[in-house]
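Number of protein chains: 2
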Amino acid sequence: MNAMINRQIIVDNLPAGMPDASNFRLEEGSVPTCGEGQFLTRCLYISVDPYMVGRMKPSAAAYTAGVKPGDVMQCYTVSEVVESKHPDYQVGELLYGSYNMQDYAVGDGSEVIVRVDSDVAPLEAWQALMGMAGQTAYWGLETIGQPQAGETVLVSAAVGSVGSLVGQIAKAKGARAVAITSSPEKCKQALDTFGYDAVVSYKDEAGRNLSPAELTEKLKEACPDGIDVYFDNTGGDISEAVWPHYNLRARIIICGRIAAAHLKAGEKDTGLRDQGFMIANRIRKEGFLVFDHWHKAAEAVPQLAKWVQEGKITYQTDVMDGIENAPLKRFCFSWNRFLVSLCLKV
Amino acid sequence: MNAMINRQIIVDNLPAGMPDASNFRLEEGSVPTCGEGQFLTRCLYISVDPYMVGRMKPSAAAYTAGVKPGDVMQCYTVSEVVESKHPDYQVGELLYGSYNMQDYAVGDGSEVIVRVDSDVAPLEAWQALMGMAGQTAYWGLETIGQPQAGETVLVSAAVGSVGSLVGQIAKAKGARAVAITSSPEKCKQALDTFGYDAVVSYKDEAGRNLSPAELTEKLKEACPDGIDVYFDNTGGDISEAVWPHYNLRARIIICGRIAAAHLKAGEKDTGLRDQGFMIANRIRKEGFLVFDHWHKAAEAVPQLAKWVQEGKITYQTDVMDGIENAPLKRFCFSWNRFLVSLCLKV
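So the sequences go chain by chain: A and B.
All residue numbers for the first sequence refer to our numbering, where the first residue is 1 and numbers rise by one.
All residue numbers for the second sequence refer to our numbering, where the first residue is 1 and numbers rise by one.
For the record, the hints were derived by calculation from the structure and aren't laboratory data.
Check the hints yourself; a few may be wrong.
Since the list can't tell identical chains apart, any single copy or any two copies may satisfy a pair.
Claimed, not checked - Under the rule of at most 30 Å between Cα atoms (straight-line distance), these lysine-lysine pairs were calculated in the DSSO-like manner:
| id | residue 1 | residue 2 |
| --- | --- | --- |
| 1 | K218 | K171 |
| 2 | K85 | K171 |
| 3 | K57 | K220 |
| 4 | K68 | K220 |
| 5 | K306 | K173 |
| 6 | K268 | K203 |
| 7 | K264 | K220 |
| 8 | K173 | K268 |
Let the sequences and hints guide you as you build the complete structure.
This is the structure we're talking about:
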């Protein structure tokens, strides 16, 4: 890293469908200066997450302020304070916040999500476990799912960055955790690495997606006592297959909809309507975004750290070197990639 | 009424689709006797409500214990205690409870929903306003909708027994109430009788149902500030048309699905999936059944009575004479009929 140059990943153009390297360019500029009440940060780790696709969509449905061509690509970083004219932030301090895809950024504290303590967890863990994935799993269960001991918690995209933590947190809270995932490797990982009590693949042995009716049948075996909490990372046919198994007053965290990722502009996501199921069992469904919970991120840290220490939670990160790799070379906005936390060491 | 005979409406057979008179028969039997800790009630008013259709379905999705051929048809009544061997219930006392479609029934108190006070409201009002319709409107808003002053509350089936009360309660709580209904007469009733701030018809002038896109456009004019609470009595295309107008953290009470009533056995209720809307605006949807709230029915009575006294709530009942009319002659399990509270004076 050249300390005199500020490398930035610039949004060159917005993608029609999924973004790829052609939507970005690397620019080198000068290091910004900080004024009174500000501080300068140097980026150490960048994380690459599915929400970024949404931020690159011009559609009105995008749930955050999006990026436009010419902007530095948005992301959350682990950064170090290298200069400070702010009384609350000292040189050498580590922060997790929205400093975007660049070496240097000026802050005033409003962009800080949580102060990083490398004694509590290694730096890359502050992107995954203590960062977006862990906070999503933690607050999704804490505020909507509220699993009780003995209840069954079903998780889709169950070995992904969020899903793998949901399953483990559910277990730590005394619930039974059941995974929905795809390949035999992921099924094995669900049981062996993340400790799920049962796993269901939404694909058959030939790799074909099961119909909702077929998946419903398989879920019946995996969830003999029904489903009390469904952490829904996929939407689509998989969610539909789950409905018949809801217990009275089940809670559904609507967290993602990977199943709709293949839809082209103008294509509609259609399926069964669920009002009947919802009334019959008084189901509660709620859309979840971790951004609503950033202000209390620090509250989750001690509990997550404790679970790691007790061996109740294991987490995975996939660390690559070099900001220039972010979207330009190997950085792939592919769902496959997203399913583990991708973390770039800058 | 012959005091010596217990007339009962018996379920003769379960309907394939909507029930009609051919599914019932009138039987005359002897008056039951009450033992220690029991009391005998005589039925004064019966109410006829949409939930009864569900109770006559053999399907597993039915959300209450259903009826089977040979059973007395289930319903809620306003009944008078005519004999008592129970210390808490005195002769002459009036009760609202599940005494079913018959002149006489024995109770032990477990079937009482609320004690009726004819000084607070006339007897038929204990079926409508203080009974199922009013309790549904009250608790649906109280527990899920939670409208705040200045928010917009949208109601479908808006001049029905439940909907008309939802709109008025929302107004009494300081919210803006918007109606979805159908005919010009119902639109006029929404504005003039029930005081909605705006009304939208889901039919065009030729009586054709609008497409979701057309209805969405009309809702835009009626809800310029978006929608914070949707009291959904219909489901189907109407609900789909509402989604684009949800504000951040909107609450949806899933109370009914009249729109699915035309579906035949095996036909599926399909449409757009709403995960995207739910995540983007962190929508909360919850299935609602009033039965969950019967235990606190008495809590709602003073507030409902106060609103009537203050002129903030008006309610409608459609009273017919004679239990023999229940399902046998004019009693029609038709949706049209259900949209006002039908009350039978026995």
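How the hints compare with the structure:
1. In this assembly of identical chains, K218 and K171 lie within 30 Å of each other by CA distance solely inside one copy; the values are 21 Å within and 48 Å between copies.
2. Taking the shortest alpha-carbon separations for K85 and K171, neither the intra-copy value of 45 Å nor the inter-copy value of 52 Å comes in at or below 30 Å.
3. When the C-alpha separation of K57 and K220 is checked against a cutoff of 30 Å, the pair qualifies only between copies, where the shortest distance is 24 Å, while the shortest distance within a copy is 38 Å.
4. For a Cα distance limit of 30 Å, the shortest separation of K68 from K220 across copies, 28 Å, qualifies, whereas the shortest one inside one copy, 46 Å, does not.
5. For a Cα distance limit of 30 Å, the shortest separation of K306 from K173 inside one copy, 13 Å, qualifies, whereas the shortest one across copies, 45 Å, does not.
6. Taking the closest pair of Cα atoms, K268 and K203 come within 30 Å of each other both inside a single copy (23 Å) and across two copies (24 Å).
7. In this homomeric assembly, K264 and K220 come within 30 Å of each other (Cα to Cα) only across copies, at 26 Å, whereas the closest approach inside a single copy is 33 Å.
8. Neither within a single protomer nor between protomers do K173 and K268 lie at most 30 Å apart by alpha-carbon distance, with minima of 38 Å and 38 Å respectively.
In summary, the structure is inconsistent with hints 2, 8 from the numbered list given earlier, while agreeing with the others.
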